[in-house]
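**Q** One letter stands for each residue in the lines below.
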Amino acid sequence: MNLPDESSDSVIQLRDVVVAPAGFPALAGATLEVRAGELVALRGANGAGKTTLLRLCAGLAPLARGAASVLGVDLSRDRAAVRRSVGFVGHRNGLYGELTARENVAFVGALVNATRSEVDAVLEEFGLGGRVADTRAVALSAGQRRRTALASLAVRRARLWLLDEPHSALDADSRQQLERVFIQATAAGVTVVYTTHERSSNSQPMPRTITMDAGRVVQDHA
Amino acid sequence: MRNVFAVARKDLVVEWRARLLLVRVLPFALLVLVLFAVALDSEALLERAAAGLVWLAAMFAALLVVQRCYDIETADGALDMLLTSVVEPSRVFFGKLLAVVGQLLVLVVVLVGGAVVLYGVRVDAAGLVLLVTTVVTAVIGLASVGTLYGAVVAQLTGRDSLLPLLAMPVLAPLLIGASRATEAAFGSRTIDLATGWAWTALLAVFAVVFTAAGAASFATLTEPDA
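As they're listed, the protein sequences go chains E and P.
Note that this note's numbering has the first sequence beginning at 1, numbered continuously upward.
Note that this note's numbering has the second sequence beginning at 223, numbered continuously upward.
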């Protein structure tokens, strides 16, 4: 398998990747490189291949053809190792509705031996302190649920966040809070790649914007 | 082991808050016992069939517990979160197995109590040791098959009907072994304690085989395809 030239701070390297779930090529020769600490927005219409690209990078979709490396691991050789290294939040948040925000984050924290004070610090950092922390996930607002999911990624210290439409169903305030989370994360060296349907962005800082169509990268605005 | 206990604790807390075992599974299992009592309507027949009816009710109810154990992972996409976490898949299997075993132990103890009350079965001291050992080994076997086959169907549509179709034929030997050993523990005239212990040994082998198979194959079974 020929991978692209190895860059020391390259987090995602894809070259001519094809992913064809059930025989349909959702990714049809996509090429992309993302470096550490970047904030990247993947844009495109429904069926453009954004979610499949995220799932490929998360080790959740099998590579049919091409070369792909995530966090230095060849996806064609060890998808499981990639899965254990990245943080992925799909359309849904991956929360347990019967557990509180704190318990959801603490569960993920327990898997990496995070202390209670680390969990509390992350909850505060993501604006989930006080009563919100002790509210069951099923009763949280859409924005609070989204931030709880991201807090779970932070507590397990994932270096690469792959987020599928994180802005969907969020009001303006929640979007601003989410963008603050992205700023904090990228400042700490985390790479954030997310999908969006929006044509333009007022996000600060402006993300690197990659447009996809028919399973390929067609535009890349740094 | 830390990850195993974290997964088990999470499953048990979710279950405790949702009250599925208390509100749906236990009443369903007890209703099965009551309906058999009404349908057979013969004290002698019920005493003879008690062990089999307990384990039949336990098997049906166990499928509900196992389905719920995976429903909580698929309801909000938590399975993707678990798969993209640091946890080794075999530890997720053991964590889920532990949580299912805990719930099934409560269920079977209630069912045995139900058999004592409804069917008039009696257990002496020697029978009690055999009964406890049988319950523990059979529950581990039941839970390991359920957790294994629950993983097979977790991401499929129609999983509610697929799980019983796949798991029940595999559980048939366990049902026979657990029924025979429990029958001996209940002091049946047709089977002695020594034979009951032999059936329990078979149950232990069954539990070890399916627990090992589940731990070994869980990663492959939960490997996402797309």
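Any given hint could turn out to be false.
Here are a few chain P residues that sit away from chain E, every Cβ distance over 10 Å (derived from the structure) [what the hints assert, rightly or not]:
| # | residue |
| --- | --- |
| 1 | Arg-224 |
| 2 | Val-235 |
| 3 | Ala-240 |
| 4 | Thr-379 |
Computed, partial: chain P to chain E, Cβ under 10 Å [said to hold, decoys possible]:
| # | residue |
| --- | --- |
| 5 | Arg-239 |
| 6 | Ala-261 |
| 7 | Asp-263 |
| 8 | Ala-266 |
| 9 | Gly-299 |
Please keep in mind that the hints were generated in silico from the structure rather than gathered at the bench.
Where is the CB? At the ideal position from N, CA and C, for every residue including glycine.
**Q** Each hint should be assessed against the structure and marked as holding or not.
**A** Hint by hint, here is what the structure shows:
no., hint, in the structure
1, Arg-224, "violated (7 Å)"
2, Val-235, "violated (7 Å)"
3, Ala-240, "violated (5 Å)"
4, Thr-379, "holds (14 Å)"
5, Arg-239, "holds (4 Å)"
6, Ala-261, "violated (37 Å)"
7, Asp-263, "violated (42 Å)"
8, Ala-266, "violated (46 Å)"
9, Gly-299, "holds (3 Å)"
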